[in-house]
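*Asks:* For reference, the chains in residue letters:
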Amino acid sequence: MTVNKIQTAEQEVESLSAVVIRFVGDSGDGMQLTGTQFTDTSAMFGNDVATFPNYPAEIRAPQGSLYGVSGYQVHIGSIEVSTPGDDLDLLVAMNPAGLKTNLHALKPGHTLIIDVDSFSKKNLQKAEYETNPLEDGSLENYRVIEVSMTSMTKEALKDMGLDNKSITRSKNMFALGMVYWMYDRDMNHTLNFFDQKFKYKPEIAQANAKVLKAGYYYAETLELIPNAYKIMPSEMPKGTYRILNGNTATAWGFLAAAEKSGLELFLGSYPITPATDILHELVKHKNFGVKAFQAEDEIAGVTSAIGASFAGDLAITTTSGPGLALKGEAIGLAMMTELPLVIVNVQRGGPSTGLPTKTEQSDLLQALYGRNGESPVIVIAASTPANCFDYAFEAAKLTLEHMTPVILLTDGYIANGSEPWRIKSIKDMPEIMTHVIDERSETWHPYDRDNDTLSRNWAIPGTPGLEHRVGGLEKDKITGNVSYVPDNHEYMTNIRAEKVKRVENYIPDLEAEYNEEGDLLLIGWGGTYGSLHSAVRKLDAKGYKVGHAHFHYLNPFPKNTAEVLSKFKKIVVCELNKGQLAKVLKSRFPEFEYIQYNKVMGLPFSVTDLVAKSKNIIKDN
Amino acid sequence: MQDTVEKKYTFKDFASDQEVRWCPGCDDYVILRSMQKALPDMGVKKEDVVFISGIGCSSRFPYYIDSYGMHSIHGRAAAISSGVKLANPDLSVWMITGDGDSLAIGGNHFIHVLRRNLNLNIILFNNEIYGLTKGQFSPTSLIGQKTKSSPYGNTQPPFHPGELALGAQARFFARLGGNSPKEMTALFVEAEKFKGTSLIEILQNCVIFNDGCFTQFTDKKIKEDKQIFLEHGKPMIFGKERDKGLVLNGLKLEVVTIGENGVTEEDILVHNAKCEDNTLHQMLVKLQYPLATGIIRSYEDSTFEEREAMLNEQVKSKSGFSKVDELFFSGETYEVK
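Protein chains in written order, with this note's numbering: chain H, 12 to 632; chain V, 681 to 1017.
This list has only true hints and no planted wrong ones.
Heads up, incomplete: computed chain V residues facing chain H, CB under 10 Å, no partners named: (1) A758; (2) V764; (3) D770; (4) G1011.
Derived DEER-like restraints, expressed as beta-carbon distance ranges: (5) N516(H) - K826(V): 57 to 63 Å; (6) V447(H) - G815(V): 39 to 45 Å; (7) N175(H) - L928(V): 57 to 63 Å; (8) D620(H) - S1010(V): 36 to 42 Å; (9) P362(H) - Y709(V): 44 to 50 Å.
In case anyone wonders, no lab produced these hints; they're calculated from the structure.
We treat Cβ as the ideally placed atom computed from N, Cα and C, and that holds for glycine.
Isolated chain V, as found in the complex:
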């Protein structure tokens, strides 16, 4: 066995020879670069990495990573990824999708892939707009939002991806602004480590059709006051001064200031991403102030492929057949002489 020394990759090993063609200033570049940096830290072999996408700006992503990939059809990346993973559970499978791709045309596959909990990773590029078809409202667009297909304002209420995902029993859900490359790289590594379907929602600015859609949370100047970056086991504290925190008041999360009204750090909720009960995670994903980012839920559970493999073993151990001939000649047969 000479092959004991694992090859050390750099981000360059995961950059394909294809020219990247997104609009200048698009967050997609940040996501791509973060991924190329994260991949060498995951401990996976380049040939075992598979990127599957649907249709949309985000879905060009696989072309730019030098590994195996498929740019498929609109909305179906979840089902294709599932097939890849079921065929070969040893692969590291990444599904790249957008809010239109996975929450509209692919909504059905999206909820079912989460329910089944295959060990794969989903990156949801959410920009609250249809980019590739040039500016129609999406399932995450806001009420009243003016777009090419809603010139007088959108009248369809939005999905909150985290809420939808948790409703579909997602075991891992994380959220991050598209302008946080350092956290993003670390998050991708965490997602790969997680055993089960990990869903990462990136709030990705579309500079052309929905510019500034998340600046109220992601602008560098106000980010720390408007976002809370959650970490498992740590208190839910945020703010430039690290003086704000979350407490539970009845059935609601409430923002309090440490040092005011007798509130101390002890009173602040400690984040438990790993608990089975997702009640608090649901509250966190719905929160508008502060916006919860980081890993909101990370509950390890059996995966679909594990359950399948276990069942296969059981069936195999009870079955008298290992070759199909044995099946064909079994049971009620008769001879014609």
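Excised from the complex, chain H in its bound form:
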């Protein structure tokens, strides 16, 4: 056993409102599991949590390489936590590559736990270190805890008769055990998890439990660090909670909408990162009659859903950026035939294959305009992992009530990130009306419209007397038959646009949070909500007159948009793209000036940067 030294031995007792922890290691080191265990345990303790898994696109990048680093960041607080946090209070690095690529995020003076066993010459080389950072003094600004995790894991498991690979694989639990001790967390959740997960391999469950406890007691015994980081439960609204990531929340939102509307749920989908987990979740629920169809490609995914919609199901298709590009023509068909269809696009870094596992918001223009012809559809966006549930439900409600496709935008950041979800009961969710008709009136036509919404009726195959044909060719406004009459085409183009515009009568107003008027309004949409919210909260606390308006409805916009924008001296549109919402706002509301704040790095906004940027803009006033 190596001697473990503490470079900064000063021990202090801290009572913290929130901490940010990141676990990093090789893509096979189990960092995602380590992170989710810590998250779940903290949430059950009563903390608010937000997470950020960040992993490479390769299934197994070469071991020890800089681009093979897998990380999981979690922010836990006794206060409201709305992002995974900017700077780290604790970094756990399982190898040199993890240290090298993540050290910059650790706040000076804060704790770094390192598995020194992995700091071999070979691994240092792979991480492109010229000198060993443990020896060259480059870590002197941090409280470094060097631990021989690998050898201690081996030591703990030496009598269990496990193979070397299984032993080495559980070293992540040693790290987790140490962190549990540091933050005074109960190990029971994780111990139960082992029992469940390895029900049929009890020796593996036992081994993991042993290593977890070894890490915990090691930290305790050697008094390496105080376990006095008290993060008290946060004050969250009363209720029953569970931890949910955005993709699961999205899938559950659709389950709820199906039950509420009394329709069967059909998913036509083709696997694509980071949207695939929605398919994974929905295929599990055949018990609810979910028809989850893994199609041969993206186009079959969406078109099978269109077929199912024609036949009367609540039909959805799920994809990510490049897949949405492939689905474009079919979305036009759904729009033309005026059938309900939800298209979920879990955005990722683009263009083309881009950055499959990283987040971005660069598909907004594609969602709004990426089809041939005049083909407006409803576009909405979720903004947090938990509210993916609400917006999936809302997407289903809007498509059924307005008989036109809805594109629901989420992104990799909220899709994979987790947070507490206050469980909703079906009975508390809004009603969903459909336009299904089952009887023929004297004058019935398939394109007869509801006076208020302009939605057409939904006559489903199998219903006697309502036989009719739909298709991609232009429709006569009365009969629905094919029509090339010039005036009719213009009329139908206008009415399809008007139908989408009228959705504004059915959606909530835009709200400016913190301040309804003032010097600066931060505008955002989608998954940047947490960062903007935190930044504005900080600015507000310091007395700045800053508001935050977040768009969940992107087509149509909320009716009061101009009114909200008019109350601020300056407007900053913050997006993880080159200014797509800004472009749309400029054309829709040209009376305002927009300052853009953009980031295209495959990463979320940093709250610190947003605060600094905002202060600068206010100063320039």
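Add chain V to chain H, keeping to what the hints say.
*Replies:* This is chain V only, laid out in the frame that chain H set:
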């Protein structure tokens, strides 16, 4: 229960009020009329019949049938039909497509729909040319064929739809000339009865861009000598004089004459459309002389929707959840008080 007497339909019940707009003399009229005649014999309710098409001349078909229908987008009718059938397995679903629609742009969906074996019917209008876009070669056009997009002759070898379909595990494959309305009506009824994906290739003459492309097989005068109309359980005999037959010589089908070289009717192969092994069916679809028509393969197998339904029942019987609330409140939840 008053509704015990099934309504008796006539072909008129399935004719829509839309004017049919194909070129005069097109085989599509024959196919449409045969379908309108076949539908009353299928024992399905008008409201349960759905026609789905892609793009092409053939794909105007749904407009002309008075039932439910969708004229969709190029190549995707197979996927749309699959969605319709999965959503409601009780419907009688007909996919209308052409050689361009299903073998080029929709090739991927075409092979996968056959592999899965949903209980639906596909009519493939094969005219070895692109009609609607006015005369380019298609995936079934012949090598050397001169078209608008191959003025010096086509250099892309053709697909044989039957061969492709059997390679993709089609359980039902039939072929017929576009000028055989009586057989066609009967064939459509057979296809509907068949449980699984039935694929019917119609050799459909395009009078404008590829006139006479199948006359070597379909011309009334020579038809009986150039085609063999296969029927399950019957010997593979053809010819005006009913004196020609097929035998297996090694790994090849060979034409023999009954009464010559000691060949008797006993020596002629008996058609078995219903066997699982499709080796002989593959040989039959590739045969150029005589051209095999009729139902070449008709092997009943479990359908995709049956397999899905069985799995759903299994999952349902094991699951503790019938309402989504039960799922939401299950597993690891915690209270904030």
